[in-house]
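*Asks:* Next come the chains, spelled out residue by residue.
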Amino acid sequence: MTVSRSRRFSSRTARERRTKILGHLALILLSAVFMMPLVWAVTTSLKSLDQVFAIPPQWIPHPAEWGNYIRLFEVAPFARFFLNSLVLVLFNVLGQVLAVSLVAFGFSRLRFPGRNVLFILMLSTLMLPYYVTLIPTFVLFNFFGWIDTYLPLIVPAFTGSSFLIFLVRQYMMTLPLQLDDAARIDGCNNLQLYWHVILPLSAPALTVVVVFTVVDVWNDFFGPLIYLSDTQNYTLSLGLVLLQGQRETDWPLLMAATVISIIPLLILYFFAQKQLIGGIASVGIKG
Amino acid sequence: MARAAASNLETSAPKTKLSGRARREAIEGYLFIAPWLVGFVAFTGGPFVASFFMSFTDWNILSTPSWVGFDNYIDIFSEDPIFWTSVRVTALYTLFALPLKLVAGLGLSLLLNMKLRGIGIYRTIFYLPAVISGVAVSMMWMWIFSKDYGLLNAALGPLGIDPVGWLQDPRYTLGALIFMSLWTVGASTIIFLAGLQNIPNELYEAATIDGAGAVTKFRRVTLPMLSPTIFFLLVIGVIDSFQTFTQAYVITGGGPMRATYFYMLHLYNEAFGQLHMGYGAALAWILASVILVFTALIFKSSPLWVYYEGQREAR
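Residue numbers (my numbering), protein chains in the order written: chain A, 1 to 287; chain B, 1 to 315.
No wet-lab data here; the hints were simulated from the structure.
Any given hint could turn out to be false.
[Said to hold, decoys possible] Below, simulated EDC-like cross-link-like pairs (lysine to aspartate or glutamate); rule was C-alpha separation at most 20 Å, straight line:
id, chain 1, residue 1, chain 2, residue 2
1, B, 147, B, 162
2, B, 147, B, 169
3, B, 115, A, 216
4, B, 217, B, 205
5, A, 274, A, 186
6, B, 115, B, 202
7, B, 217, B, 202
8, B, 217, A, 16
9, B, 147, A, 248
10, B, 147, A, 50
11, B, 147, A, 250
12, B, 115, B, 240
[To be verified] Simulated coverage check for chain A against chain B, where a stretch passes if three residues somewhere in it have a Cβ under 8 Å from a Cβ of chain B:
id, region
13, 28-41
14, 213-223
15, 226-234
16, 259-269
Beta carbons are placed, not taken as given, at the ideal position from N, Cα and C, and that holds for glycine.
Build out the structure end to end from the sequences listed, making use of the hints.
*Replies:* Right under this line is the structure:
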């Protein structure tokens, strides 16, 4: 009896091990496939034109053509584009963090008539597709004379994204109300309570706000496309399209530009992977 | 509003002193949410109403708008063949890309839910493409799809397949974009993974005791427990897919022969290319209505196939 049981046991562990090995194999294979476009972009960016058109394709260019990355900054104001994107990101992050935390504080810590109705109204705007409001918003900014400035791409951030407000409000709801009482006994008014107590404690949620905003603004194409026209004002995504139109087959140059434009995101991903993945997962749980 | 505040407080505490404090709290409350209120009026609610009225006008932004009643809508449906092309392209893309993405995301999340060493590294790799969305991704894939020197044709060559004009041949372009969309499956994978990790282990243990094999467990435990996640991803996916723009604009420009002329490209060209603001607004409202109908259908169908844990006790 003991023999058969141990045999059954060992056959089960053997099967488990087989499953694990198969799992690893599948994942390694798929990882290779998923990384391929990225690796291919990086190697292409280090090739000369001759090497690009070599058949079969070379995975490791020899010699590596680092000059593409210098050429890039000579043929187009790429440093300028990079800086423009950075400026937009900085102002958007500032605006979102400030507005989102203030509004979330109001919705989670203060009582006022109509609070629930307004909160539900805010949630319902999440369902509203952006293209419905797109044209009148464009007309409005045109009326203000803001076309071809950064204002249409920055000012809305200072009113806070409904989705991010919701996220942070949910987080603030988990902070105990005794904190507020204690702070008020110590003589804090609401602004001080917000600034000295709730804001620092909400840092984890606000990190998610920062990370989401950076990714969104850095990748944004439609906004810059309709609002910016002077090349000097272009962001990286517009710059990439511009370059692509001018040098259609200069793939090393185009890939160098692509790599440069995603490096900040790769760095962000490296440091804030937890916030990004956690944020995405929380979106799913909400549903 | 002040009256409402006062009546709210009648039930809670002595009137005179507290109502003053409560009123101050209410005023401060409005001040704290003021940024959102302003944004709502200026960038959401206001434009929402305005766009509805604009869709009944003929307006090129420079002149004064003229009221044309339902003309825009009538033109769109009866005299705009490109509209129907864009509807067909968008519908086809959604029909194939969305189910593929859901199945791939589910499969991948099952793999990533295994208890393996280094599983975190795998997760990092699969989610990465979802972070670098936008133009950069489009550029990378343009190069992969390149007919003569692209990676895809280089990989297919040894299999005896002649170079395919992925971006030149209208038969393949939409397929190429669908294929490319699978690369960013990581986002839905992460959401599936969160769903998987919420399934209590007891359910699997009970199924094992009942003699269920892996396939039965997947069909009878995993799928029903994941149905709210699938529901969520389906709704989000339809909305997302209907507004596909960047890939088409950057990679194909809607071509060749309008094979990838997505709805949003049509809207963009009408509104910002031709400055047909009223016409564009009408296109936006049609798209919004279609999405609303689809979302409503998915919601309506949900009692048939979505299982909510909370309802188990209620039944």
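*Asks:* Now tell me if each hint is right for this structure.
*Replies:* Here is what the structure says about each hint:
1. B/147 / B/162: Status holds; Cα separation ~10 Å.
2. B/147 / B/169: Holds, at about 10 Å.
3. B/115 / A/216: Cα-Cα ~32 Å, so violated.
4. B/217 / B/205: Holds - the C-alpha atoms of residue 205 of chain B and residue 217 of chain B are around 10 Å apart, at most 20 Å.
5. A/274 / A/186: At roughly 36 Å apart (the allowed maximum being 20 Å), residue 186 of chain A and residue 274 of chain A break the hint.
6. B/115 / B/202: holds, 17 Å
7. B/217 / B/202: Within the cut-off at roughly 12 Å; holds.
8. B/217 / A/16: This hinted pair holds, its Cα atoms lying about 16 Å apart.
9. B/147 / A/248: Answer holds: residue 147 of chain B to residue 248 of chain A is near 13 Å, not above 20 Å.
10. B/147 / A/50: holds, 17 Å
11. B/147 / A/250: Holds. Residue 147 of chain B to residue 250 of chain A sits at ~14 Å (cutoff 20 Å).
12. B/115 / B/240: Status violated; Cα separation ~32 Å.
13. 28-41: Per the Cβ count (9), the hint holds.
14. 213-223: holds (count 6)
15. 226-234: Per the Cβ count (1), the hint is violated.
16. 259-269: holds (count 6)
Of the hints listed earlier, those the structure fails to meet are numbers 3, 5, 12, 15, in rising order.
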